[in-house]
Every structure is written in structure tokens, then in C-alpha cells.
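Read top to bottom, the protein sequences are chains L and X.
Going by the numbering used here, the first residue of the first sequence is number 57, and it counts up by one from there.
Going by the numbering used here, the first residue of the second sequence is number 3, and it counts up by one from there.
Derived by calculation from the structure, the hints in this document are not laboratory data.
Note that beta-carbon positions come from the ideal geometry of N, C-alpha and C, so glycine has one too.
It is possible that some hints are incorrect.
[To be verified] One-sided and incomplete, this derived list gives chain L residues near chain X with beta-carbon spacing under 8 Å:
1) P110
2) L113
3) P114
4) I163
5) S166
6) M173
7) G180
8) I183
9) T215
10) I219
11) L253
12) F324
13) L327
14) W335
One-letter residues, chain by chain:
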Amino acid sequence: MRKQGYQPLRVKKYIFRDLLFHTFYTLVSAATLGPIIWIFMLSFKTKKEFATNPLSLPRSFFLGNYINAFTDSLLTTFFMNSIIVTSIALALILIISTLAGYSLARIKFSSSRILFMIFVMLDGLPIYILIIPLYVMLNFLKLDNYLWGLIFTYVAMRTGVSIIIMRGFFRSIPSYLEDAAKIDGCNLLQSLWYIMLPIVRPGLTVAAIMNFIFVWNEYYLATILLSKMTLFTVPPGLSCSFMGRYTTNWPAMAAGFTLTIIPTFLVFIFLQDKIIKGWSTIDK
Amino acid sequence: MTISCPNNICFVGARGIYKYIFIIKLNNKIREGEAINNRFMDRLGKWRQFLLSPNLVGWLMCMPALVFGVLFFLVPAFVGFLISLYDWDGVTSMTFIGLDNYIEVFKIHRYWNAMLVNWLTFFGCLLTQIPLALFFAITLSKKSPIAKVYRSAIFAPRMLSVAAAGLLWSLVFDPYEGPLNQLLEKIGLESLTFSWLGEPNTALISLLIASSWLYFGFHMIIFMGGLASIPKEYYESVQLDTNNGLMVLWYITIPLLREQFLISFVIVFSGTFGALIGFFSLMTGGGPSGSTELLGLYMVSQAFRANRFGYASAIGVITFFIVFIVLLWPVIQTSRKRLEY
């Protein structure tokens, strides 16, 4: 007997293909996340346990490594330095890139195109090539005993990409909002502050998150441009205090590793969509 | 403004005429004053116009960013050029030697080796990361929640700092305690256990694997953003012509992802001259017999180990020009109009 009424089209189910897809991607995820999870487990092992069976799950919940990580190294100092550097650099980058992004997106002037090209170039050029003159300059200005030199270098490095992001967000706002503000008697800065900034707040958060991740994680410039260990930020601190030339206490290193990746991974877990948005909208 | 003759003043007689003349003169003076005033107001208006002109406002708002760019890119480049003309150990006085440093750079074998390693790293990163990223981006551009989970698992390593990733991978590749060798032993492939970072043959490949692990999720996200911005109509209309997935990929998807390819190219290129230096220096420090020595690593080791700041700056200046010239084309392309069918 034929069935009556609505019959959905028969959708062919690709069971084999789906299975292949999922196994493949589980393997890929294991390859990408595996080392991190493994090192997280390693941080709960004693040195002896690591020597006997490094690959298995930890037998006990050993916290000695974490205590060692704090007592044996200047981890608290590194964290404080990182917080100072990141917050000041973030504030400066956001202010500067908002102004420039607004000007490049909204104000029609003849040289805006060339200025934008300059900023794209600044984003592309790696500042690491200039590390020796920068070191000499900061030494000459006696800035290498402070965090300021590093902070300003980060600001210079990151304004390019932040300007590209902010310009994109400013361009997506319809222009009549600004015209209305002008008619009501706003001057340019007022309309930027009261009208535009509340609307581009998502753009600001995206730029802030991306710069946070970068500045928090930056390693090589910090090792070269900072002169003392007490000034080190987290990444150079991590490498200099846990990595020995010949013998390395790997479980203690794993504990330090886990502690130092917490801030970025918190951001990653809670603000993932914003990160993806930031990375995928690096266009005009 | 003019002063008219008031009625109560007597204009009869000589004094009256003088008064009359006086008033005329006064009026003239006032007119002149007004003219001056007008001219002044005009000038003020021009000044005001200039102050509010888009040119000035635009430049002023870009000024802070430009100042940072000049102070930290242009000035160091110039200072680097100046230092490169001198023989200087970083402490004592400098002696001017002209272009000798540059001549020496081109003669030294280690420099050309570093150059070769740098280009090998660049092409290695490009050829591993971008096809992988494109493949994963195309297969994971679905709206199912599980695809989202895979996606975040793939780009999670990018959240690590270079220092953390370097420590992790130097542990993984450690010949005695590293899990890679132990895993191989457990499977029974003891012949394959190897000092991965200690041999010139495998060091660069191991580092390339590690850096691909660190970065390809990032490129995947960029490509996913590009894929999301391609209108669906293109694919619908191409369905009329062909059902061949590869042809669609070649004729529709890849041309429309041109901008993302350029961005990825720039990131990989400036990465090999930049951020990868930290990664390599942590894991091998230039490697067994210079097999992983990037230009940046060679430069820094010449400056801080051999104390030859002039020579190192000469390398820096040459590298700066190479990078600048290679980046010019993509930069001009990215600030052009978007490609559309």
C-alpha cells in the first residue's frame, strides 16, 4: 500500500564518508591538542614517575611541581611584568589605532590610500630584523632598564594590524549616523566618541583580544631588549628558568608551562568567536 | 558701519564744515577698519578652514601611529645603516670602515648557508601550512557543532607562546626522555629512534613540523573567513555547468581566495624573518652545524656572541631590503580593490 500525505525526499546518508571524516578529524585534533594535554598530565608527575612511564596518566595528583615552579623561579615577578606590559601596550595600541583607523576609513583626504599602504607595510615588515639597532638605541636612551622600551616596540609593531582591523570595522558603519551627528552640532571628535565608538565596540574587543594574545606571548624581542631577569615577561622567564643547558627538570617545566598558558587559554575558551572573527576579517 | 550727521550738531559756519569733514574722515577710517577687519576675518576663516580641512584632520589622526612607525621602523633602519658602516664591538669607540662589512658579508659561507636555510624554511612552511590550511578550511566550513569543535582543536596551538611551544617540542624531540622516541620503542621501531634535533639531516624537518603544528590553524581561520565571504550564487550557477569538485575549487574558490593567499604569504614570509627566530633559537639555537640557522639567528649571534655589531647590522640592512622588496607587491595588491566576478 502506498503511503499517503507528505513524504520527505529520501536523503542519501553517507555513513562511510561521515565515519571517515570523523575519524580523520579526531586524529588531527589528537595531533594538535595531544602534546598540550600530555604536558598538562606531565605536570602532576614526580620526576621518578616521569622517568619510568612518561606516556601514561599520572598515578597520583602530585602538586609539588607547581609549588616548585613558584619557589624556584621568579614566576610572580614575570607575571607582574607581563601584566604591566600588556595593559599599557594594549591601551596605547587601541587609542592610536582607533584614531588612525577612523581617519583612514571615514575622512576623505588625498593621501589616505598611501597612508594605508604604509600601515599595511608596517604590519608586514618584521621588526625582528631591526633588533640590533633597536637594542643599540634603547641602550643609548637608557631605556633597557625599564619596560618602556619593550612596550613602545610592541605598540609600534601592532599598530599596523590594529589599524587594518579598526578601519574595516569603521567602514562597515553607515555614514548617515555621522551626518546626523554633524547636523546636531557634534564636532569630529565628539561624533567619534559619542556615536562611532559605541558602535565599533565589537571591533575594539576583537583588536584588544588579538593584541593581548600577541603581546602576552611575545618571546624573542623581550629576551633581547630587556637587560635583567627581574624585568622579564612570562615567555622569556619561562624559558630561562626552566630550560637548562644540559639537564632540564621536565615535570617542573611542565608545571610552569601550564601556569603560563592559563591566561591565553582562558581567553581562547571564552572568547573564541571573537578571535576567529579577528583573524578572518584581516582584510580591507 | 557709518556715522550719519546728527541733527543737533550745527553745520553752519567754518567749524560746522570742519565737523562735517571730520565726520567724513571718520567714516573713511571706519570703512578702512572694516575692510581690515573683513580681511582679518577672511584670513581667520581660511585658517579655520585649514584647521578643519580633511587633509589636516586625517593626517593629525594618523600622526601617533606614524610617529611610532617612524621611531621604531625608519629610525632604526637608518641607525642600522649607520652602524653597518663602522667596525664596532658594542662597547668601545667605533672606527669607520665604509662598505667593508657588506663586502665581508657576501664572502662568508656561513651567511649564504643562513640565507639558504631561511629560504628553505620559508618554502617549507609555505608548502606545508597553506595546502593543509586550505584543505581543512574547505572541509570544516560547515555549520555543525562538531566541526566547530574540530576547528577550535586545530587552532588551539596558536594560543601558545613561542617559548611554551619551543619548550614543549624540545621535550617531544628529546632523544632520551622525549615521548616520540619512547613511543617508537614501544611500538617496536627501535631502529627509528633518533636524536631528532641533534642531527643536521633531521633538525630542519623536525622544526618545520613543529612550526606547522603551531601555525597552520591560524591560516585555516584566515581561509575560513575568505570562504565565508564568497557568495553562494557563484556555486549555484556553476552547478549548471559542472559537478566536478576539483574544477569548482580551481576556477571559483581559489581565485576568490586571492586576498587570503596574499595575507598568508605575507604572514609566512615575515614569520620566517621574524617570529620563527625565537622558536628556532629556543629549540636548536641555530642547530647542529648551522643547519637551522636563520638569517636573524646568524645576525643576533654575530652581534651578541661575537660582538661584531657593525657586521651584524650590515646583515640586518641587507635582510631589511630583501623583505621590503618582496613585501611591496603583496602590500600594493592588498590595498587595491577586491576581486569580483
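Status of each hint after checking the structure:
For P110/L, the shortest C-beta to C-beta distance to chain X is roughly 6 Å, which falls under 8 Å, so the interface hint holds. Taking 8 Å as the C-beta cut-off, the interface hint given for L113/L is violated, the closest approach to chain X being about 14 Å. Hint on P114/L is violated. Least Cβ distance to chain X is approximately 14 Å, over the 8 Å limit. With a least beta-carbon distance of about 4 Å to chain X, the hint placing I163/L at the interface is held under the 8 Å criterion.
Checking S166/L against chain X: minimum C-beta separation of about 7 Å stays under 8 Å; hint holds. About 5 Å separates the beta-carbon of M173/L from the nearest beta-carbon of chain X, less than 8 Å, and the hint is met. Because the closest C-beta pair between G180/L and chain X is about 5 Å apart, less than 8 Å, the hint holds. Given hint, I183/L at the interface with chain X, holds; its Cβ is 7 Å from that chain's nearest Cβ, closer than 8 Å.
This hint holds: T215/L has a C-beta 5 Å from the nearest C-beta of chain X, less than the 8 Å allowed. Given the 8 Å rule on beta carbons, the hint for I219/L holds: about 6 Å separates it from the nearest Cβ of chain X. For L253/L, the interface hint is violated, since its Cβ never comes within 8 Å of a Cβ in chain X; the closest pair sits about 14 Å apart. The closest approach between the C-beta of F324/L and any C-beta of chain X is roughly 5 Å, which is under the 8 Å cut-off, so the hint is satisfied.
A hinted interface residue such as L327/L counts as satisfied when its beta carbon comes closer than 8 Å to some beta carbon of chain X; here the least separation is about 11 Å, so the hint is violated. Residue-level restraint check for W335/L holds (minimum Cβ-Cβ distance to chain X is 4 Å; threshold 8 Å).
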